[in-house]
Each structure stands twice: as structure tokens, then as C-alpha cells.
Amino acid sequence: MSLTPQLVLFEEDHRRIVEVAERLVRDANAKAIFLVDKNGQLVADAGELKGIDTTSLASLVAGNIAATGGLAKILGEEEFPIHFHQGERYNLHITLVAQRIILVVIFDERSSLGLVRLRVKKAGQRLAEIFEQVFKKAEAEFDEEGLGAPFAEISEQDIDNLFSD
Amino acid sequence: MAFINYSAREINCKLVYYGAGLCGKTTNLKFIYNRIAESAKGKMISLATESERTLFFDFLPLSLGEIRGYKTRFHLYTVPGQVFYDASRKLILKGVDGVVFVADSQEERFEANLESFDNLVDNLREQGSDLERIPCVLQYNKRDLPNAMPVPELRASLNPDGKMSDFEASAATGKGVFETLKALAKLVLLDLRRGGK
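Protein sequence lines correspond, in order, to chains A and B.
Numbering-wise (our numbering), the first sequence opens with residue 94 and increments by one.
Numbering-wise (our numbering), the second sequence opens with residue -2 and increments by one.
Check each hint, because a few of them may be wrong.
One-sided excerpt, in silico: chain B residues whose CB lies under 8 Å from chain A [to be verified]:
1. M(-2)
2. N2
3. N9
4. K11
5. F56
6. L59
7. L61
8. G62
9. R65
10. Y67
11. K91
12. Q103
13. F107
14. A109
15. G159
16. S162
Simulated from the structure, these hints should not be mistaken for laboratory data.
Idealized CB from N, CA, C, for every residue including glycine.
Using the sequences and the hints given, assemble the complete structure.
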């Protein structure tokens, strides 16, 4: 296992990702879509987000994927790339995109598992292409002299100020 | 590793509290959760057994303010300390930006501390990393207990060359908890400045 490189998301890429997510919400009749880094960081979201604690959701989804990934390895599988959780009102459809990103679709009776699977397949391919480019860009960024402004200029004073109260 | 979102102007970092079973990792997070301003924290999640032992992890998101126009968010995790939960510890350690190693100062937990520290080194190595690359601070917890070993003895075993910053703490009362967190957050952000190299 090698160390995963830093994830750096630029505005242009973020916009493209959100566009695909918003389209998926419409095409799949979903309630909401989340894209979460395997480390538990929320990358993008779309749809009806009111009342959803997105930070907790991201961390738990990543924990879930990590645990089932561990189970898969015990059984000699590389990964379980598709997960489905059925609830009374809401259902969760979870897939892996570009090995590092988790695509979560929340849907209710307005949609169906079949439709979600169909739409996720297409959107997943599009997202995978975008994320591959994002990862390449991030790697290139780190091949050079670390991060550019404003991070290269962070001073100890800046950090002390964070904890000043 | 840290997630930098230029679009949302956010820096997200993952900090993990590591250490032997019952050393006080969850207690550290609970103290932080209880003391930090409402606006700076999210919900704390504990995936624990019925007897309140950590089963998978505790999670506490903190939003500490801005640095140069970027919101800094820290995601604090604890690992389950009990030896047989090693598979879970490996998962939680993935993508870590900084580690607090919590040592239990009690004499009878001395061996457990060493075992857990070796386990941390092994698990970092498995993901292609080590303590040279991942910022780590040490916390000697439970200093208030009568059977606490002298700090120089603990240091001699866990931090012999003094490379890591170390702090005395009593997580139950909160002593040393924020000092530890601040020290690690600082190292992680300075590390970011260097581009994680």
C-alpha cells in the first residue's frame, strides 16, 4: 500500500464535478448526491441537503467503505465497489469512482434502485475521468516545490492566531 | 492526506489519536467537544460498544478559523485501542495528516504503551509512511493518578531522542488536552506549507 497523494481541488474542477452531480440528481430522481474522499472528506454535494449533517455523513460513509473494503480483502476480493442500504423512507446507493472517491446517492420512493444504478453508471464514468485529471494535477503540483500561495506563506503567527481565543 | 479545496477555500486535515486501550483517547475528544465553542464544532460521533469501549472510531470535526482566507478544518479521529482491533486501526490511519500518541502514565500500562507505539510504527509503515513524515506529538496522560510513572522514564522509552514534542496531561480534567491538540495542528499546518514533504 502506498501513501495516497494530497487531494487538491481547483475551482474549475469543482465546478465540473458539481455539474455532473447535479445532473445525476435530476436524471436519477435522487434526493441528494455526495462525493466523499476515501479519507472521509466531503468533496462535493448536490440536491436536497437540508437537515443532513454532511460532515458526519462523509466520515461515516468513508468508515463504512473502509470496513467493507477490509472484509473484501479477507475474502480475496479487491473491493466491494457497489453498496446498497435500504431503509423505510430513504435508500443509500454507494459506489467507488476512480478508486479514491465514494459516490453516495440518497433516494426515496420517487426513484428506484434500477434507475439509480443505470444513471450512476454513466455519471460514474464521467466523474472518474474528471477525478483522474484532478489526481494528476495534484501530483504534478507536488512534484514541484510544494504548494504555491497562499500555503507556502503560512507563518507560525498565522497558526497561533487560530488558537488565540 | 489533507484535502485542499480552492473552490470552497478550505483546508481539511485528518488528525488521529492513537494509543493503548483505555489510555484516554476518547476522553481527549470529549473534553475538546465540551469546551470548544458551538460555532467551531460539528457533531461528535462515537462508534462504541455497549460498555462504551470504542468499536470503530470516534469522530469530531473542528473548524478553527481562517488562515490567509482559507477555512481550516480538522477532523479528529480516535482508533480503538484494544489489541484485537488492529484491522480497524489500519483503516482509520489511512490518509492521516498528524498523530497524537496518548500514553497511559500508569506503571501497569507501561508495556501496553510500548506495544501500541510499535503497532503505530508498523501500521504507518504498511501504508508507506513513518514518523519522520507524519507529524506526531506525544501525550503522557493520567498524570493525576498516584501510580503515574515519572515523565523522564516514559520519555526514555517512547521519545528517547526527544524528536517529538511531548505533553503532560490529565484528559479527564482537561489539563494538557488543548496544548497537545494545538501542537499537532501547528505541525500539520507547517507541514502543509512544505507541501507535505
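* Broken hints, by number -> Violated hints (numbers, rising): 6, 12, 13, 14, 15, 16; every other hint is consistent with the structure.
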